[in-house]
Amino acid sequence: MRKALWAGAVLGSLCLGLELACGLLWLLRGTPAPLPKGPLPAGPKYTVAVLGDVQKGLANFANLLGIVAKEQAGMILQTGDLVAENDPGHYRLVKLAYARSGLQVPFFVTPGNHDLKARPELFEQEIGPLEQSFVVGDVAFVLVQNAWGAPPPDAKHLDERIAAAGPHRAVVLALHQPPFDLQGAPKPDYGPFLQWLEKSGVAYVVSGHVHAYLRKTVGSTVVIVNGVGGDYDSWQLDQKVYATILEVDGSRITDRVVELPPEHGLMENLDHLALGHFSEGFRRKPLLGWGGSLLLAGGVAWAFRRLFANREPFRAPAG
Numbered sequence: 004m005r006k007a008l009w010a011g012a013v014l015g016s017l018c019l020g021l022e023l024a025c026g027l028l029w030l031l032r033g034t035p036a037p038l039p040k041g042p043l044p045a046g047p048k049y050t051v052a053v054l055g056d057v058q059k060g061l062a063n064f065a066n067l068l069g070i071v072a073k074e075q076a077g078m079i080l081q082t083g084d085l086v087a088e089n090d091p092g093h094y095r096l097v098k099l100a101y102a103r104s105g106l107q108v109p110f111f112v113t114p115g116n117h118d119l120k121a122r123p124e125l126f127e128q129e130i131g132p133l134e135q136s137f138v139v140g141d142v143a144f145v146l147v148q149n150a151w152g153a154p155p156p157d158a159k160h161l162d163e164r165i166a167a168a169g170p171h172r173a174v175v176l177a178l179h180q181p182p183f184d185l186q187g188a189p190k191p192d193y194g195p196f197l198q199w200l201e202k203s204g205v206a207y208v209v210s211g212h213v214h215a216y217l218r219k220t221v222g223s224t225v226v227i228v229n230g231v232g233g234d235y236d237s238w239q240l241d242q243k244v245y246a247t248i249l250e251v252d253g254s255r256i257t258d259r260v261v262e263l264p265p266e267h268g269l270m271e272n273l274d275h276l277a278l279g280h281f282s283e284g285f286r287r288k289p290l291l292g293w294g295g296s297l298l299l300a301g302g303v304a305w306a307f308r309r310l311f312a313n314r315e316p317f318r319a320p321a322g
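Position 274, counted from 1, in the sequence shown is what the numbering used here calls 277; the numbers after and before it change by one each time, with no gaps.
Some clues are possibly wrong.
Restricting the straight-line Cα-Cα distance to at most 20 Å, the calculated cross-link-like pairs of lysine to aspartate or glutamate (EDC-like) are [claimed, not checked]:
(1) Lys219 with Glu250
(2) Lys243 with Glu201
(3) Lys219 with Asp258
Across the chosen pairs, the derived CB separations fall in these ranges [what the hints assert, rightly or not]:
(4) Thr50 with Pro132: 17 to 25 Å
(5) Leu240 with Ala121: 23 to 31 Å
(6) Lys73 with Ala10: 45 to 53 Å
It is worth saying that the hints were derived from the structure and are not from the lab. Where is the CB? At the ideal position from N, CA and C, for every residue including glycine.
Produce the entire structure from the sequences given, and follow the hints as far as they go.
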């Protein structure tokens, strides 16, 4: 019985200590600024860093932001699944990582399925519009929402979004779901999209979602798939991390890939637990969270009271 009481008391104390640590991290981390949207690069020559799925890979994301600084990129284009869960805590994590980098580079996101789960409007509040079209120099950047993959973007909508960007000489199209699967084979539903793409004159399609790095060509269009911009499958801790660097010179665009070894930082994981899960659990179900904590504290106190019942000052008075 005493062993069970000791085990329960120690385990309960550790849980309460973890709750306290998470609460302190939540208080100390502060409120980061929104991701910047400007100023955009001026002139015909600039560099764009294209990042893939981040989700829980916050240490990898921080390392990629270091690459952005090293490359002196004038813009970041992220192809969705920026967060693991579509809630304020996970957006706060990403913004904190960006704030720590010291960068002031415009950051644009085309939403992924993880970014839109349950509350698509939250993505718009925290990050920005679901679709965007704008021109930088001679290049139109067109971000199209296809977070769920089906139905694929149709030709009419794509042409409208490209036209909405304004006068341009080249196009970079950003999607979350790629037209190819993990093996590089065309997805069956994306046949019409690929037919449109072959005739479109689009210079680049950048996408994510698939946990691999692929580079394909469709006609004159380069299609890049990068679903490993920090994220990794739970059983694949050795998954390397990739980013694409686009070098723009007028209407001419070239690409190269940056590869980094994975990193699973202790503080990033503690922050993820505290801000992304612990605080969000209390926010969503405060009665359950606080009630459970009080019951746990009461149980720990009772266990220690039983363990030390025969020791001063806990011993019952004689008689």
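Each hint, compared with the structure:
1. Lys219 with Glu250: holds, 18 Å
2. Lys243 with Glu201: With Cα atoms ~31 Å apart, Lys243 and Glu201 exceed 20 Å; violated.
3. Lys219 with Asp258: holds, 12 Å
4. Thr50 with Pro132: 17 to 25 Å: Distance hint for Thr50, Pro132 holds at roughly 24 Å.
5. Leu240 with Ala121: 23 to 31 Å: holds, 28 Å
6. Lys73 with Ala10: 45 to 53 Å: holds, 50 Å
Hint violations for this structure: number 2 only, all remaining hints satisfied.
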